[in-house]
Amino acid sequence: MDDPYWFGQIAAANAMSDVYAMGGIPKTAMNLVGFPSKEMDISVLRRIIEGGLDKMREAGVVLVGGHTIDDPELKYGLSVTGFVHPDRVLVKRSLRPGDRLILTKPLGTGIIATAIKGSLASIDIEERVTRMMATLNRDAAEVMGFFPVHACTDITGFGFLGHLAEMVASSGWGVRIDSARLPILPETAGYANMGLIPAGAYRNRDYRKNMIDFAPSVERVLQDILFDPQTSGGLLISVDGGRADEMLNALVEKGVANASIVGEVVTEPKERIMVY
Amino acid sequence: MESFLDCRGLACPAPVLQTKNVIDREHPDLVEVKVDNEAAGENVSRFLNSQGFHVTVVKQGSELRITGRKEGNAASESASAAPEKSLGHKKIMVMIAADRVGRGDDELGLKLMASFLKTLKEMGPELWRLVLLNNGVKLAVESSEFVASLLELKDQGVGIFVCGTCLNHFGLMDRKRVGETTNMLDIVTSMQVADQVINI
Numbered sequence: 041m042d043d044p045y046w047f048g049q050i051a052a053a054n055a056m057s058d059v060y061a062m063g064g065i066p067k068t069a070m071n072l073v074g075f076p077s078k079e080m081d082i083s084v085l086r087r088i089i090e091g092g093l094d095k096m097r098e099a100g101v102v103l104v105g106g107h108t109i110d111d112p113e114l115k116y117g118l119s120v121t122g123f124v125h126p127d128r129v130l131v132k133r134s135l136r137p138g139d140r141l142i143l144t145k146p147l148g149t150g151i152i153a154t155a156i157k158g159s160l161a162s163i164d165i166e167e168r169v170t171r172m173m174a175t176l177n178r179d180a181a182e183v184m185g186f187f188p189v190h191a192c193t194d195i196t197g198f199g200f201l202g203h204l205a206e207m208v209a210s211s212g213w214g215v216r217i218d219s220a221r222l223p224i225l226p227e228t229a230g231y232a233n234m235g236l237i238p239a240g241a242y243r244n245r246d247y248r249k250n251m252i253d254f255a256p257s258v259e260r261v262l263q264d265i266l267f268d269p270q271t272s273g274g275l276l277i278s279v280d281g282g283r284a285d286e287m288l289n290a291l292v293e294k295g296v297a298n299a300s301i302v303g304e305v306v307t308e309p310k311e312r313i314m315v316y
Numbered sequence: 004m005e006s007f008l009d010c011r012g013l014a015c016p017a018p019v020l021q022t023k024n025v026i027d028r029e030h031p032d033l034v035e036v037k038v039d040n041e042a043a044g045e046n047v048s049r050f051l052n053s054q055g056f057h058v059t060v061v062k063q064g065s066e067l068r069i070t071g072r073k074e075g076n077a078a079s080e081s082a083s084a085a086p087e088k089s090l091g092h093k094k095i096m097v098m099i100a101a102d103r104v105g106r107g108d109d110e111l112g113l114k115l116m117a118s119f120l121k122t123l124k125e126m127g128p129e130l131w132r133l134v135l136l137n138n139g140v141k142l143a144v145e146s147s148e149f150v151a152s153l154l155e156l157k158d159q160g161v162g163i164f165v166c167g168t169c170l171n172h173f174g175l176m177d178r179k180r181v182g183e184t185t186n187m188l189d190i191v192t193s194m195q196v197a198d199q200v201i202n203i
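First to last, the protein sequences are chains A and B.
Residue numbering for the first sequence is 41 to 316, as defined by this note's numbering.
Residue numbering for the second sequence is 4 to 203, as defined by this note's numbering.
Heads up, some of the hints might be wrong.
Unchecked claim - Partner residues are not named here, just some residues of chain A that face chain B (Cβ under 10 Å, in silico): (1) Arg86; (2) Leu160; (3) Pro256.
No lab work stands behind these hints, which were simulated from the structure alone.
Cβ coordinates follow ideal geometry from the N, Cα and C atoms, glycine included.
Starting from the given sequences, assemble the full structure and let the hints guide the process.
In structure tokens form, the structure reads like this:
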């Protein structure tokens with residue numbers, strides 16, 4: 041991410057995502073900064089922090105302090121604290137058979153970021169992906185409060201299947217994913233076909249491939265997209281099957297335009313993911 | 004013209020980007036890239052493939068040597084013509100330029116399309132290629148009820164080709180679920196090669 045302001049925005053949105061994924065509301069944050077002060081102009085840091093601060097304001101989060109150290113490699117993150125009702129804490133593992141899975145942001149940010157790094161991405165897709173990564177999961181989290189959601193996680197570095205596998209492995213149930221219904225950013229498949237796949241995607245695949253079955257119709261490129269490490273991805277929500285359509289409508293109405301019902305929790309085969 | 008690249012020690016996407024630079028600058032007929040990890044090997048192979056090179060990979064210990072050879076004079080970006088069915092038969096090509104059959108009643112048109120795609124296999128081995136254009140490309144995308152029928156035809160060896168310009172126009176490029184993306188040059192060449200061309 042070249043623009044320091046957007047770098048700050050995305051880092052902040054990413055950091056707050058974990059709290060939303062637990063069904064909570066972020067309230068306070070502290071900045072964590074590593075900055076090469078001898079090599080980079082301080083105005084870069086100023087813009088990053090502005091980006092982060094604006095995102096915090098948007099989320100209603102108060103910045104209460106932070107640490108800044110000199111570091112040859114630039115780093116910016118937040119330590120976020122939030123509130124959640126003790127009876128309504130959402131964790132990854134409590135999937136229930138009959139639940140349906142909703143994904144709230146489209147996949148492809150890792151592959152597109154790789155294309156951007158190689159100056160091969162169009163300006164349009166660069167802008168679209170930047171805005172998508174900077175979008176808070178707050179609206180999705182608010183809608184969750186009105187529905188019987190059993191489990192939730194946010195999709196980041198392990199990719200869609202990596203994070204889904206975490207939910208499945210600890211729940212004891214199985215999951216079926218309808219690959220045709222996965223929201224995917226435009227141009228992603230094209231870049232993947234050109235080999236612009238981050239190394240992390242291969243690691244994600246190796247780590248979880250033993251618990252995943254792909255139907256023959258699922259092309260390799262699509263599989264790569266499902267392992268593509270995401271930055272500031274959406275929420276993967278496991279909601280009571282009977283209310284899923286209603287919840288999807290509520291999400292779309294609230295502005296979570298890319299939300300899609302992507303699969304369901306099944307009793308067999310246990311602790312495996314079937315992608316068709 | 005031959006180009007050689009040593010991309011050992013480089014993290015993705017550097018190997019692909021360096022390969023791209025070399026190809027853009029030197030226009031080689033043969034390019035050889037050395038990498039030291041599987042991910043880079045896979046990425047570079049795919050990239051060379053997408054640029055019309057025939058790719059071979061040789062593993063030497065923990066290193067991979069990827070060699071790309073240009074096929075003939077690839078005028079366009081597609082080095083398609085993947086072997087479909089065995090020759091010796093008449094070759095029938097079906098062009099589908101709409102997402103339903105006929106005009107008059109749209110619902111009837113959809114039913115007719117469903118029936119048509121299911122019955123097409125009766126042509127047997129003579130059915131060589133199906134080309135989808137304009138609204139026809141919508142048959143091959145994720146929300147289409149016809150994807151299953153198309154996949155069945157593909158499994159029987161029928162070449163399924165979907166117009167890339169049309170996919171782009173509708174913004175459907177990465178929602179395609181079956182078939183190879185093609186261009187007008189391929190389509191026109193297919194018309195010439197086919198013994199019979201049927202328009203729907």
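Hint check results:
1. Arg86: Hint on A/Arg86: violated, closest Cβ of chain B at ~30 Å, above 10 Å.
2. Leu160: 8 Å, holds
3. Pro256: At 9 Å from the nearest chain B Cβ, A/Pro256 passes the 10 Å test, so the hint holds.
The structure shown violates just one earlier hint, number 1.
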